[in-house]
Every structure is written in structure tokens, then in C-alpha cells.
Amino acid sequence: MSTPASDPLSKPLASSLSKPRRKPFRFPWLPAYATGYLVFLYLPVLLLPLFSFNDGTIVAFPMKGFTLKWYAQLGGQDTLLQAMANSLIVGAVTALTATSLGLFAARAYVRYRFKGRELSEGLVMLPLVIPGIIVASSMLVLFISLGLKPSLTTVILGHVFVALPFAVSIMKSAFDDFDQSLEEAAFDLGESVIGTFRRVTLPIVAPGIAASLLVTFTVSFDEFVLAFFLSGNQPTLPVYIWSQIRFPAKLPNTLALGSLLLLASVLLLLTAEYFRRRSAKSAK
Amino acid sequence: MTSQNIIEISGVEKRFGTFTAVKDLNLELKEGEFFSLLGPSGCGKTTALRMIAGFQDHDAGSIRIAGRDMADIPANRRPANMVFQSYAIFPHLNVGDNVAFGLRKLRLGKAEMQDRVAEALEMVELGGLESRKADELSGGQRQRVALARALVMRPKVLLLDEPLSALDKNLREAMQLEMRRLQQKLGITFVMVTHDQYEAMTMSDRIGVMFAGKLEQVDRPEVLYARPCNRRVASFIGGMNFLQARVTGENGRTVDVDLQGFGPLTIDVNPNALARSADLLAGIRPEQLEIGAARPEGYDACLQGTVSDIAFYGESVHYYVRAEGVEAPVSVAVPNYFHTVDHKRGDQVWLGVQNASVIDLGAREA
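Sequence lines, in order, name chains A and B. Number 237 in the numbering used here belongs to position 237 of the first sequence; there are no gaps in the numbering. Just remember that the numbering used here sits 1000 ahead of the position in the second sequence, which is counted from 1.
Incorrect hints may have been included.
[Said to hold, decoys possible] Computed list of lysine-lysine pairs in DSBU-like fashion (alpha-carbon distance at most 30 Å, straight line): (1) B:Lys1133 x B:Lys1169; (2) A:Lys115 x B:Lys1023; (3) B:Lys1214 x B:Lys1023; (4) B:Lys1185 x B:Lys1030; (5) B:Lys1133 x A:Lys172; (6) B:Lys1030 x B:Lys1156.
[Stated by the list, open to error] Not everything, but these chain B residues come out facing chain A in the computed CB check (under 7 Å): (7) Phe1055; (8) Ala1075; (9) Asn1076; (10) Asn1081; (11) Met1082; (12) Phe1084; (13) Ser1086; (14) Ala1088; (15) His1092; (16) Phe1101; (17) Gly1102; (18) Lys1105.
Derived from the structure by calculation, the hints contain no laboratory data. The beta-carbon is built from N, C-alpha and C at its ideal position, and this holds for glycine as well.
Work out the full structure: start from the sequences and follow the hints.
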């Protein structure tokens, strides 16, 4: 057994690592800047759960006392529950549609070289940089001129549009490390094209699919602008919350609801990240 | 070895856009033969293999396996299985499920399936490792699983795409012998693509040498080494000194030549030579030259020169000798019998050669 310290070869390396020849240029204010940055980013988000436990309707310090009643009241509000159900439906359908489309698009982008590949890839990614308000208003005009009334269906169409870039880029990274000869090997061993997809392609990119489902669901669940324009009289949760903010008495309820959503979003994204890492590992 | 043809390829051509990857490929492989396609990268050998496997269709000609034309038969219905260069072990399946992958389609009983998987793993000396995960395998084990997964299908032809190139040198040499032994035991036709001349020579019954999409020579390794068909093949397999030879007399099966630097010799006419010209190109293998401080006795022709470089290979020492009237230094390989290096750079030395060691390579420009 040779420990790094007793290994004669490692000594010069170790000493050269611990004693850099040139000191890096130092920024003494950097930690303060970083702390300030993070506080600015997350303080408002942390205030939300804090005031959701406040026994009073006015959101201001000093706080009055601890209560769980705002959370307890959430259960009895039918319009809220309906909005929640709307959001879940929209999120689930959006996630399934965007991920299926993303799966096939990503496989084509990674596997094949065809005319117009780069152009079409650029167009698929475009919704990431188009302002939501422009997409929303132009979609509303389009749908109305097509005779489609604002409803959950139109929200889903809008959400698939904005969620697709996420699905495509996640699925592309799942396919990037996917050795093409795996599919050829399955076909060579007598499997059909569809059987190859089912027995080899799908299981190997499954973690990527899970990550894409979770991310696109979250994108849809949190989306406000498109839903506001396209939902008509079937509000999704963010649209409902926005409508409640006008009534001060309802504000603590909204804070409680927001806190729950925050918690759910964080959990979803952590799960998605877990699957994304697993997909990067398993495709090797 | 039976004399039945298992693969018959005639006039096969493959183009990618304006680039012709494989030109007029004609090849007949016998049942139970170990055949290697040898060539530099980009010569079309992998394309040829993929056309046999069915991953690539051909633009002209025909490919027949076991008497059947393969034109309309996709890869999943051909009696050939492939071992991929990357091995393509399914990462989500364990060793047993990897090997059983193709058997699932055959609708075998559970017991028979298990027996065949166990037998295949036994064959590649991985017996009992069915439940090992794919990511717990070493490079050599992955190679064996890939072999077992293809062999378990009992193919008529096993196709191998650079099967050993991912392994380190010692393991590669051990696997060469082992695969050769396995092939002889099973009697299945192996078609291997490789760029490694030693791998091709140690394992194959016959080798086909490809350059720029053209199959230039197909022969047993010994013949390929002793009677290459032109300069390209001669220089791709083993070392070779190329010398100009002026023809002074023809005697049917032999020819009298005046060999550059060495002088008059009588050498065999090479029946494999692809092209002929009035004078010819001659080749001498480095290990077939004698080197000494004095003019060696009993050789048909000699040459005096100066040692310009020495390369020590361990099992042999290579001397590079510059001589008047010869442009490139002549290389001589001497087996390292006594752990001595007998000549120094700048030494005056004599080289000796026998008639039989001089190879007629046909036309000078080829």
C-alpha cells in the first residue's frame, strides 16, 4: 500500500499544487456581492411561506402570531380547486404531448443529417426567446380567427409551443451519448424496427423522458401570460391566483397556496434533475 | 473445410453521393472459413461488412448468403450476426438478458433459452455470469458478451467489425488466439474487418486487402506475405524494401534481372502481380537480408553500404543501410539472438540476398 504522502512520485506534484507560483488576483468584495445577489433573488420567495403562517390579513412586519388556518381554508374553495384541476390537466397533457414530440424530434436531430436540420432546430428553440406576451396575443388572434374559443384546449396548444424547446433539448442530451450501434445490434439480432424502439431505445432514454415530462409539466403549471390570454372562463391556477390578489382578505390564502406550489415545483425539478443525471449516466 | 460457398458477392458497388466507397467487389467465402478484410481506414472495408450485414444497401451487384439473394432481406432476417466495434452491450440489461436478446424472438421454451444462454457464455468463458450488470464488465468481458450474444443465434456467418481494437495489447493478442480457436471449434464462417495486419495474419484463413474501395488481393496470409500483388499491398503487410529491377532475360517461370545496388539475380515470376511493365519492381523483406562486416559467403548477390540508422525493437534490431545507387536506405532486420547490437552507425557493412528472397512485384507504377 502506498499512500499519496509516502509515494515519492507524488511529492513534487503535491507541493506544487499547495504552493501556486502566482497568486490569483483577489476580489475582496466578491463574497459580499454574491451574498447580496442571493438575498435579492430569494428573499421575496422566502417571505411568501413566512407570511402564509401569519395570523393576520396584512402582509407587514411585525407579524401577529402563528396559524395554519390559511392552509386549512384552501380545502373548501371550489373555484380554487377547479383552477388547480385545470392546471393539472393542462400540465399533464402538455407534458405528454411536448415530450412525445420532443422524443421523435430529438432522435431525428441527433441521428440523421438532413436538409434544413439546423433551420428546423433553430425554429423549434425559438419560443425560448420570443416574448410571451407576443406569443400570447398572436395566438389569441389566430385561435379566434380559426373559430377556436379560448378554453383549456387553446391553453394546452400554447403551452406545448413553449414547452417543446425544453423537451427537445432534454431529449437531445439523452440521445447525444446514445451509441447508434445499440439499435443496430438489436435489429441485427432479429428484432423489428418497432421492437428495437420498444426494447432498446425507450428503456435507455427513459430517464430522459421522465426528466422531460417533469420539466415540461412545471413549465406549463407555472405559466401565466399564455394561460391568461387563452384560458377564457376556465382559469388555470396562476390566473386564478392573480385574480385573487385584488381582494386583500384573500391574500393570506393566496400566500398559502403559493407556498405549496413553490414546494411542489422545487420537488418536481429536483426529481427531474435526478432523472436527467441518470440518463446521462445510463446512455454511456 | 467443406468447399461449399456460404457468401457470394459479385460486382457489388456502393456510392455515397459522388464518392464510391466500394467498387466492383467480387468475393466468395467458403463455409467454415475465417476471412479478414484488411485495409487502411476509409478503404471501404466496414462499408462492405455492413452491406453483408444488411445495414447498408448496395447500388449494384448481388450479395448471396447460403445461396439466397439478400437484396430484399433486411438485417433482422439475415442468417448473419454482427459483433460491433463498440460491442453495443445493452446498458439496461444484465449479461444473461443481453445474450438472450435475440432468442426472445425465436419463441423458445424458458429452459431451452436458459440452456442456450449458459452454453454461449460457457463458450466465451463467462459461464455463470448471467446476472452481472452491463456496467460492471471489463473491456475484455464486454467483447466476450458481444461474441456470445451473436453466437447464441447460431448464425451461418459471424461478422466482426474491428472486434479487438478497443482492447489493450496483451489482451488483444490473447483474444486473437481464443477467437481463432472458437471459430475452428464451431466451424462458423467469420468475416472480420481490421486495419491491423498482424491481427489479420494470425487469425485468418484468407485475407482480402482493400485500398480506396477496391479489393486488390485475396489470399492466404503466407501467400500475401510472400507474393503480394503490387507495391501497395506489399507495403501494407510487413516491412519491405523496394528496388528497381531491369529485366535482362526471360526464362518462362523465372526472369533474369539486374537488381538495383545488388546486380544480377534470377527471380521467380510472381503470378499474382496485377500489372506488368518491361522492367519491374522488386521487393525484399528486411528479415531476409543477411548483414555482416565482411562480404557474406554463399549469397546470390551482395551490396556494400554504410549503416545510417539503428532501431532496436527488442526481439529484433533494424539496421538502415545507405548504399551507392539506391535512393532509400535498405532496412535489414536481425533477430536478437545474443542480446548484442553488432554494428554502429557509420559502420561499413555488406548485405547478402538469395534469389528466392527477391519478390517480383510486377509493374513499377502501381
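Structure-based check of all given hints:
Between lysine 1133 of chain B and lysine 1169 of chain B, the direct Cα distance comes to roughly 25 Å. Compliance with the 30 Å bound is thereby established for this hinted pair. Among the hinted pairs, lysine 115 of chain A with lysine 1023 of chain B is consistent with the structure: their alpha-carbon atoms are about 27 Å apart, no more than 30 Å. The hinted pair formed by lysine 1214 of chain B and lysine 1023 of chain B meets the criterion: a straight-line CA distance of about 5 Å does not exceed 30 Å. Among the hinted pairs, lysine 1185 of chain B with lysine 1030 of chain B is consistent with the structure: their alpha-carbon atoms are about 16 Å apart, no more than 30 Å.
Taken as a hint, the lysine 1133 of chain B and lysine 172 of chain A pair is honoured in the structure, with Cα atoms around 26 Å apart against an allowance of 30 Å. A threshold of 30 Å between alpha carbons decides the hint, and for lysine 1030 of chain B with lysine 1156 of chain B the separation of about 11 Å falls inside it, so the pair holds. Checking phenylalanine 1055 of chain B against chain A by beta carbon gives a least distance of about 6 Å; that is within 7 Å, so the hint holds. Given the 7 Å rule on beta carbons, the hint for alanine 1075 of chain B holds: about 5 Å separates it from the nearest Cβ of chain A.
Interface hint at asparagine 1076 of chain B: satisfied, since its Cβ lies 5 Å from the closest Cβ of chain A, which is below the 7 Å cut-off. Using the Cβ-Cβ criterion of 7 Å, the hint placing asparagine 1081 of chain B at the interface with chain A is satisfied: the shortest such distance is roughly 6 Å. Because the closest C-beta pair between methionine 1082 of chain B and chain A is about 5 Å apart, less than 7 Å, the hint holds. Satisfaction of the interface hint for phenylalanine 1084 of chain B is found here, the shortest Cβ-Cβ separation to chain A being roughly 4 Å, below the 7 Å cut-off.
About 5 Å separates the beta-carbon of serine 1086 of chain B from the nearest beta-carbon of chain A, less than 7 Å, and the hint is met. Interface hint at alanine 1088 of chain B: satisfied, since its Cβ lies 4 Å from the closest Cβ of chain A, which is below the 7 Å cut-off. Against a cut-off of 7 Å between C-beta atoms, the interface hint on histidine 1092 of chain B holds, since the closest Cβ of chain A lies about 5 Å away. Among the interface hints, the one on phenylalanine 1101 of chain B holds; its C-beta lies about 5 Å from the nearest C-beta in chain A, closer than the 7 Å criterion.
With a cut of 7 Å, the hint placing glycine 1102 of chain B at the interface with chain A holds, because the nearest CB-to-CB distance is about 3 Å. With 7 Å as the threshold, the beta carbon of lysine 1105 of chain B comes within range of chain A, its nearest partner Cβ sitting at about 4 Å, so the hint holds.
Every hint from the earlier list agrees with this structure, and none is contradicted.
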